[in-house]
Each structure stands twice: as C-alpha cells, then as structure tokens.
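Enquirer: These protein sequence lines map, in sequence, to chains A and B.
Numbering of the first sequence is given in this note's numbering, commencing with residue 1 and proceeding in unit increments.
Numbering of the second sequence is given in this note's numbering, commencing with residue 364 and proceeding in unit increments.
Hints in this document: simulated from the structure, not taken from any laboratory.
One should not assume that every hint holds.
[Stated by the list, open to error] Cβ pair distances, simulated, as ranges:
| id | chain 1 | residue 1 | chain 2 | residue 2 | range |
| --- | --- | --- | --- | --- | --- |
| 1 | A | S215 | B | R409 | 18 to 24 Å |
| 2 | B | L387 | A | E321 | 28 to 34 Å |
| 3 | B | L510 | A | A355 | 28 to 34 Å |
| 4 | B | W406 | A | P41 | 36 to 42 Å |
| 5 | B | Y457 | A | Q54 | 38 to 44 Å |
| 6 | A | V22 | B | L486 | 38 to 44 Å |
| 7 | A | K172 | B | L486 | 44 to 50 Å |
| 8 | A | A355 | B | Y457 | 39 to 45 Å |
| 9 | A | H82 | B | L387 | 45 to 51 Å |
| 10 | B | L510 | A | P41 | 23 to 29 Å |
| 11 | B | E402 | A | A190 | 24 to 30 Å |
| 12 | B | A439 | A | D51 | 32 to 38 Å |
| 13 | B | S505 | A | S215 | 37 to 43 Å |
C-beta: ideal position from N, C-alpha, C; glycine also.
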Amino acid sequence: MQEELSAPERRKGNMGSWALIVAVIALVVAAFGYVGGWLAPQRLTPKRIVDQLQDNAGTFAGYRRNHAKGVCVVGYFQSNGHAQAYSDAQVFAPGRTPLVGRFAIPGGNPYAPDSSVPIRSMALRFAQANGQQWRTGMNSMPVFPVSTPQAFYDQLKAQQPDPATGKPDPAKVAAFFAAHPETAAFRAWAKTAKPSASFATENYWSLDAFVFTNSAGKRQAVRWRMVPEATDTGSDAGSGGNPDYLASDLAQRLSQGPLHWHLLVTLAQPGDPTNDATKEWPADRQTIDAGTLVLEHTEPQESGPCRDINYDPLVLPDGIEASDDPLLPARSAAYAVSYLRRTSEEAHLPGAAVAHPKPEAKP
Amino acid sequence: MKSDAKTFSLPARILHWLMAAMILAMLFIGVGMVASVSERHEWLLRIHKPLGIAILILAVVRLAVRLRHPPPALPADLPAVQKLAAHASHWLLYLLMLAMPLIGWAMLSAGGYPVMLSDSLRLPPIFPTSPVAFAVLRHMHSWFAMLLFLTFIAHMAAALYHGLIRRDGVLSSMVRGEKQAEVIEPATLP
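Chain A on its own, in the form it takes in the complex:
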C-alpha cells in the first residue's frame, strides 16, 4: 500500500521537503510574531501606554493606572424619553436604569491631593433591564488635549518626571505643546481652570463622539455631557488641609439628599468632527435633555461596587455605537490592560505588583 523508495533515494528527495517544512513553519511563526507585536517593537500598544502611565506616576498595586484616586457612587438614571427618537437603547426609554458610578481625579497616584489637578472625572455603568450595559467615562473639561493615541503617548512621555528633580522637564513639555498645536483649546481651558471644591458642581463631558442609532436605523453623531443641578461655588473644604476633600464633600452632600445632573445630548451637524476630541462643536448645535442622573450614596473605592468595574467606553448597548474617534479603541484597549494588571494584583498572581501600605500623611 505504501510508496517504496530506497533509503538513499528517500534522503535525496527529502532535503527539499525538509527545507519546505522549515520555511512554512518559519513563515507562520514570523507572521504570528509580527501581528502579536513581538516582532514589531516600534508599534504603539496598549501595554506601552499603560507602562508609560506607570513610569509617570509609579505603580500602585490594585489601583487603576490612571484616574487612580476616586470614590464609588450608586444611583440611577431617570429617562424622560426625549432621546428615544435618536437612540433605541433601553436606557433612553422613559423610566429608571440603575447605575454604579465613580468620581475620580486624573493621574496614577491614588494618594495624590485633590488640589493637584484641576480636572475631575465621572464614570458610569448603566445596567439595562435587558442585560446590556452602557459604560462611559467623562471629564470635567470640554475638550481633550490631543486627538490621537500616539499624541497621548507622546504627551505622557514628555510629562514623565525627571528622576533628578521629581518634576517633568519644562523644556520637554514646551517642545511637546509646540509640536502639537491641537492642544491649544485645552491649554486655554487649563489656564483658567481651578481645582474645584466639589465633584457635585462640575460638568462632565464625553469628549469623544459616539453614534446614536434609532429603531429606523438612522444614525446620528452625538456627544453628551452631565450638567449639575448644584451650582454653588462649593465649601472651603480644600483650605482645611484635607487632601481628600472631594470625597468628604461628596459624602457630606449625599448625607443631606441625592445629587442630580442632567444628561444633555448634543446632535452633530454634517461636517462636525467626530474623530477629533480637541475640537468643540459649534455652540448652536441642538441639545436634548435626555433625563436626570440621580446619585444617592457613596462608598470608598477599595470596598465599593465600582472597584471591579472597568469603565471601558466601548461597552455600549444596542442604540449607541462608537464613532470614528481614534481615542476610543485606544482607551478601550488600555483600560483592559490596566484592569488585567490590577485584578492580577488583587489575585496575588505571580509577576503582579505587590501593594504597598498607604504612605503616612505629612503633618
């Protein structure tokens, strides 16, 4: 039944065959190595972005690699049905959707004083009755400094503290901004921005654009923001020397009753940029008040329900889609790396960073 060849014949004919087999394997392994990034070290990967965040702020086991300092909040969204014409997501049908949220400040240090940055952030996970979820992470500024993942990485690199001074090299930061004129709108905002005394009085912008789809299949590019009902200038909590005044202020306000925001959805006109978070849309764009965010109580993030949530902005329900904004997939990918690192640390897996006790507060 089998082909019979003499041994020398077989060996002679086999040289080419062996070479072919080795070549095929080498080709497949090389392709795999290239696609997986091991053979393409210059490619910007989510790991490199998260590594750079750690280089800038240090590694704090168990905490998010960015927006590390924060608190959990729990509440619900009361939809008025006004956004239903544009999105058939269940969250926009009239009624209540429960949610778990998180307020935070940017940066990788969970012990940074609240006054160290003028930006605050709000992340929400809406849990629809049909099991789908809407996760969103918003910041208290109307524009993002940069529009691409590469520029974001380059900015982090420019802001990496110099080991000698412990501070970023001003020359490098200046060079970065000079090379990135798209940062102008953010810098203009940052010049006048002051660290607020409360999470409750801030506006929170989606920054990135998304696409609403309705039951007729119509697509509408949107951005959204949360507009607070609380408009007081805040307490003077920050002046008392408490570095965690935002959490104290939030707990104090919630002890007196729930806090409210309105979800305002801005509808893009044709030509409005959906792929550039550094550019605001014109102020006359139609805006819909889609309902009220109601936050009822707060818990520390170390034990609260937001701890194990990755606020990946691409976890979206049917009726909301990603736009062509290049920051969105990069956020999703980098958040996934951060989430795996901190859950690995929680699981005490080999190779994961080990938690350090909270540093003593300076007198």
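Assemble the complex: chain A is given as a structure, and chain B must be docked to it using the hints.
Expert: Showing chain B alone in chain A's frame:
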C-alpha cells in the same frame, strides 16, 4: 476507535479544514487585537467573540462526527513515539478548541462584562463576577492560546512530514475521499 476506513469521512474533512481556517484566524485575531490601539482593536474584537462561539459549537459537532465515524488508523509501521505524539496532540487540540471559547466566555462573565456577540445578541454569564477569577481566566486564555498555537505548528509540521517525507497516506486521508484515494493510490506505486 480503530477503523477500517482509509480516509476521514467527508463531514470530518469539511469540519477539519473549516475549523483549521477559523482557529488559525482566531489565533491571529487574538494576538493582533490585544497588541493594537487602533480601530483594528475594535473590529477584531467584534469578530473574535462570535467566531469563538462558532468554533465552540463546531467543536462539539466535530466530536460527535468523530465518535460516529472513527478516524483511519495510523500507519502500522509508524514508530510508537510518533503514534503517541499524534494521539496526544489530537486530543490536546480537541481540548483546547473546546476550552478556549469557554474560558473566554467565563472570563468576560467574571469581569462583569456583558457577553455581546453582536450589537444586540447577548449570552448569559457562565461564571459569577469575581476580579480574582477574571485575572486567572484572562491569563489562562493567553497561555492556552500560546499552547494552541504551538500545537497547531507541531500538527502542521507533522502533516507535512507525513505528506512530503513519509508519504504514507496520512495527509491524503484528510485531503481526499476514499474513492479518489483508491484510484490515485495504485498510480503512486513503483
């Protein structure tokens, strides 16, 4: 599981080549998406989940086909070590093609993510929410993927070895049907 058949049955051959393409694509999609920050990350992820579930379903069908139509026996003169390697690697491949989608599904469940196969099709969770379980399962997903890739490489190398070096009919038993194999076989005799 011995069989008198000289080739794999037609359903087995169709499943083999279809799943070979799907699994190889899946391995490349998997390592590609986790190493990308571009829009590729998003669209690869959108393929990854439904393709994984499709592989899981086909793997179950394939096991049933295999039990119904036992595969042809390996050549009698194949060294025992190679026979052992062949059988062990085949069962490892079956194990991994069933385990990988289940681990992926369990991992998303443990991470508290909705398991979305499309914009609206959602699978129920198959594991309770747990960050520790998420981390363990997520690492398992990566390591088993590497093991699957290495097993695939060994499998492909062995198939080429049988087809090009030994020329013992093992490769053709997965390529050709019984009838054609019988017609072709006499012509290859010296």
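Enquirer: Run every hint past the structure and note whether it holds.
Expert: Verification of the supplied hints:
{"no.": "1", "hint": "A:S215 x B:R409: 18 to 24 Å", "result": "holds (22 Å)"}
{"no.": "2", "hint": "B:L387 x A:E321: 28 to 34 Å", "result": "holds (29 Å)"}
{"no.": "3", "hint": "B:L510 x A:A355: 28 to 34 Å", "result": "holds (31 Å)"}
{"no.": "4", "hint": "B:W406 x A:P41: 36 to 42 Å", "result": "violated (24 Å)"}
{"no.": "5", "hint": "B:Y457 x A:Q54: 38 to 44 Å", "result": "holds (40 Å)"}
{"no.": "6", "hint": "A:V22 x B:L486: 38 to 44 Å", "result": "holds (42 Å)"}
{"no.": "7", "hint": "A:K172 x B:L486: 44 to 50 Å", "result": "holds (47 Å)"}
{"no.": "8", "hint": "A:A355 x B:Y457: 39 to 45 Å", "result": "holds (40 Å)"}
{"no.": "9", "hint": "A:H82 x B:L387: 45 to 51 Å", "result": "holds (48 Å)"}
{"no.": "10", "hint": "B:L510 x A:P41: 23 to 29 Å", "result": "holds (24 Å)"}
{"no.": "11", "hint": "B:E402 x A:A190: 24 to 30 Å", "result": "holds (29 Å)"}
{"no.": "12", "hint": "B:A439 x A:D51: 32 to 38 Å", "result": "violated (55 Å)"}
{"no.": "13", "hint": "B:S505 x A:S215: 37 to 43 Å", "result": "holds (39 Å)"}
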